[in-house]
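Respectively, the protein sequence lines represent chains A and B.
Here full-length UniProt numbering is used: the first residue of the first sequence is 1, the next is one more, and so on.
Here full-length UniProt numbering is used: the first residue of the second sequence is 1, the next is one more, and so on.
Simulated from the structure, these hints should not be mistaken for lab results.
Ideal Cβ positions, reconstructed from N, Cα and C, are used throughout, including at glycine.
Be careful, since some hints might not be right.
[Claimed, not checked] Mimicking EDC-like on lysine to aspartate or glutamate, the simulated pairs with C-alpha atoms at most 20 Å apart in a straight line are:
1) A:K120 with A:E91
2) B:K20 with A:E348
3) B:K20 with A:D306
4) B:K19 with B:D127
5) A:K20 with A:D117
6) A:K20 with A:E114
7) B:K20 with B:E383
8) A:K19 with A:E98
9) A:K20 with B:E348
10) A:K19 with A:D127
11) A:K19 with B:E114
12) B:K20 with B:D306
13) B:K19 with A:D306
14) A:K20 with B:D306
15) A:K19 with A:D117
16) B:K19 with B:E114
17) A:K19 with A:E384
18) A:K20 with A:E383
[As the list claims (entries may be wrong)] Where chain B lies over chain A, by a calculated footprint (3+ residues, C-beta under 8 Å):
19) 218-227
20) 289-297
[Unchecked claim] Covered stretches of chain B (chain A as the covering partner; in silico rule of three or more C-beta atoms under 8 Å from a C-beta of chain A):
21) 63-74
22) 221-228
23) 303-312
24) 372-380
Below are the chains, spelled out letter by letter.
Protein chains: 2
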Amino acid sequence: MSVTAPAGFTAAGVTAGLKKSGGLDLAVVRNLGPLTSAATVFTTNRCKANPVIWSEQVMRGGVVRAIVLNSGGANCYTGSIGFQTTHATAEAVAGRLEISAGEVLVCSTGLIGEQLDLGKITAGVWDASLALHAGSAASADAGLAAATAIMTTDTTPKQSAHTSPAGWTIGGMAKGAGMLAPGLATMLVVITTDAVLDSGQLDTALRQATRVTFDRLDSDGCMSTNDTVTLLGSGASGVAADPAEFAAALTALCQDLTLQLQADAEGSAHDVAIVVQGADSETDAVTVARAVSRSNLFKTAIFGNDPNWGRVLAAVGTTQAVFDPYGIDVAINGVQVCTAGEPDQPRELVDLSPRAVTVLIDLHAGAATATIWTNDLTHAYVEENSAYSS
Amino acid sequence: MSVTAPAGFTAAGVTAGLKKSGGLDLAVVRNLGPLTSAATVFTTNRCKANPVIWSEQVMRGGVVRAIVLNSGGANCYTGSIGFQTTHATAEAVAGRLEISAGEVLVCSTGLIGEQLDLGKITAGVWDASLALHAGSAASADAGLAAATAIMTTDTTPKQSAHTSPAGWTIGGMAKGAGMLAPGLATMLVVITTDAVLDSGQLDTALRQATRVTFDRLDSDGCMSTNDTVTLLGSGASGVAADPAEFAAALTALCQDLTLQLQADAEGSAHDVAIVVQGADSETDAVTVARAVSRSNLFKTAIFGNDPNWGRVLAAVGTTQAVFDPYGIDVAINGVQVCTAGEPDQPRELVDLSPRAVTVLIDLHAGAATATIWTNDLTHAYVEENSAYSS
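With the rest of the complex left out, here is chain A (with noise of 0.2 Å):
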């Protein structure tokens, strides 16, 4: 279950034909209420695309009904055409159900600088709201369609759903396999709820869950225009959720998507977890382990099952951070490799063999800690992104 796993919430995938494969490639998440709450976070590229510029707009307003997505097409840079076709889109899904553009939130994905072809997507709105008004609009098959059409280069659809004692539910969907690196967010997320919560509340407490989930993936360090992470509250449970409770629990989702994304990110072998600790403060730890993360020399040696310890303090060096440079220590997958800026244990004992990695760096400055996920950078990712534009 996911986006329809909370009450009040319908969805639907279809095929508009925007895809060259074929496959579903516009999703349509509906909240029936009663509470039209919401929260977004957005990419902080300034190249924002289109559907962004609108959802901004939207935001503004304070009522979401519905968020209309689609693969097969970025729409961004694409010019004043290209935000009427957002627009237009907006329309389309609210004529479909009845309510006001200005209440449809718009996201899409793919390659840039291509125009959208409306006809197809207006068509396929058509198909998503004949979808949205059956009896099996609520169910886990709807939200799995709904999940399936936002992939782009993925190659499984993540889904993650919470139910509280408390007789709350919490669901989500996401995609994003390539440009996977925050600035607020990354990638497409839609995160529904019936909780009873304002929107404030669910802002607080969106923002909490991606500042230390989305925002510290960091697979290919490149930051899309189109990233948008949506929450949604139907508040169709009846039940006002403890705000501590349900930050947690979101936070917990989001992290879970996540990792669901970190495993599913293009071409990877390896996912790897880089562990700053001992750090002066928690911006310094995310410093210093985003460098490590962007270091093509450290993803490659990653990929090549060779544990470098060298292109991990080469990259720890470039940055800013409070530390001795000869005061670190690195351990990979268990095995203490450098103490204090020397050798320690051979590094023929890391066993690179397993997909899940571990590097630690306690940089005996502090007390203070951050984890970045990361992949490593592998022929297969060269291949998936020089083969095919997207």
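Since the structure of chain A is provided, determine the placement of chain B on it from the hints.
Showing chain B alone in chain A's frame:
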């Protein structure tokens, strides 16, 4: 001709046995004077190798009579034993050349976190000193041997020389194929001149030259721990060079070496010039160009001969430079694919089959311009950096 082109310099390149391949791996360049002027630019990586720490001390002494360089090991993160190895290397050179160890710069390149074999180095220094005392030590062949001995994953030695009508000469050699991204400098470079210039004048000219040449080469985004650019002056021509003419000639020579490094970057299939114009400041132009040069999605697209300009703009959008995101033009190899943030000429018109690629980005925000030289991201890069420790 390279470092032996100017009068007053001898060079040697020998096999010390540090490289597994068994090739030349230790070089010495000697300044016979009468001047002992010197200027250096070191990596800004805070994780500095032992030879960098040593050479910074030598520069404070102000007199440089020789520089010894080895491949086959970076001597970085090797602790006090590693520093003793560097010190002993300088002592060995000093003993053989009857100069002071404090007048000997040391450079090392290769794998981080492994001790160098001092016995091999000492034997290599002995052989090098014999070569330096031979009659051919000032020949082009001696310069070539030195340039060859500093190669790691380089496939060809890099040399350049220039003689002024005024009667003075500059010569240089460089190595570097991976970890190519500058702090102040990048890679190992030794430049010699017989112009009569003091160390202050050399320093001014060197910083002026590296700022717009080596500093603007960003092949793989990874900054080395060992980067050192050295300029040695013998004054042996007896000609006091015009500082402006000298600086211009030095910049041209550094540019030549920079493009040789780019052309031999690990696994590269394209040499890419990212030219930013219309920037509010030179800093902005560099920032934007560097962001594009570090986008793995852009780099893989170029490898695939795919003029995916959306990936250019997505990278531009991650910066804080002054620009209107919807006022940017992009041309690739002369085809204007994007005007004012909208599609212009069809991307199919772009021919990316030649090795040389120029991406021209006009920010329309001012009059400043800058170029960053980079490479594509290829299967061969992944292979070279995953299959071998370096």
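Hints, one by one, checked against the model:
no., hint, verdict
1, A:K120 with A:E91, "14 Å, holds"
2, B:K20 with A:E348, "18 Å, holds"
3, B:K20 with A:D306, "18 Å, holds"
4, B:K19 with B:D127, "16 Å, holds"
5, A:K20 with A:D117, "12 Å, holds"
6, A:K20 with A:E114, "14 Å, holds"
7, B:K20 with B:E383, "19 Å, holds"
8, A:K19 with A:E98, "28 Å, violated"
9, A:K20 with B:E348, "18 Å, holds"
10, A:K19 with A:D127, "16 Å, holds"
11, A:K19 with B:E114, "51 Å, violated"
12, B:K20 with B:D306, "38 Å, violated"
13, B:K19 with A:D306, "19 Å, holds"
14, A:K20 with B:D306, "18 Å, holds"
15, A:K19 with A:D117, "11 Å, holds"
16, B:K19 with B:E114, "13 Å, holds"
17, A:K19 with A:E384, "16 Å, holds"
18, A:K20 with A:E383, "19 Å, holds"
19, 218-227, "holds (count 6)"
20, 289-297, "holds (count 4)"
21, 63-74, "violated (count 1)"
22, 221-228, "holds (count 5)"
23, 303-312, "holds (count 7)"
24, 372-380, "holds (count 3)"
Checked against the numbered hints given earlier, the structure breaks hints 8, 11, 12 and 21 and satisfies all the rest.
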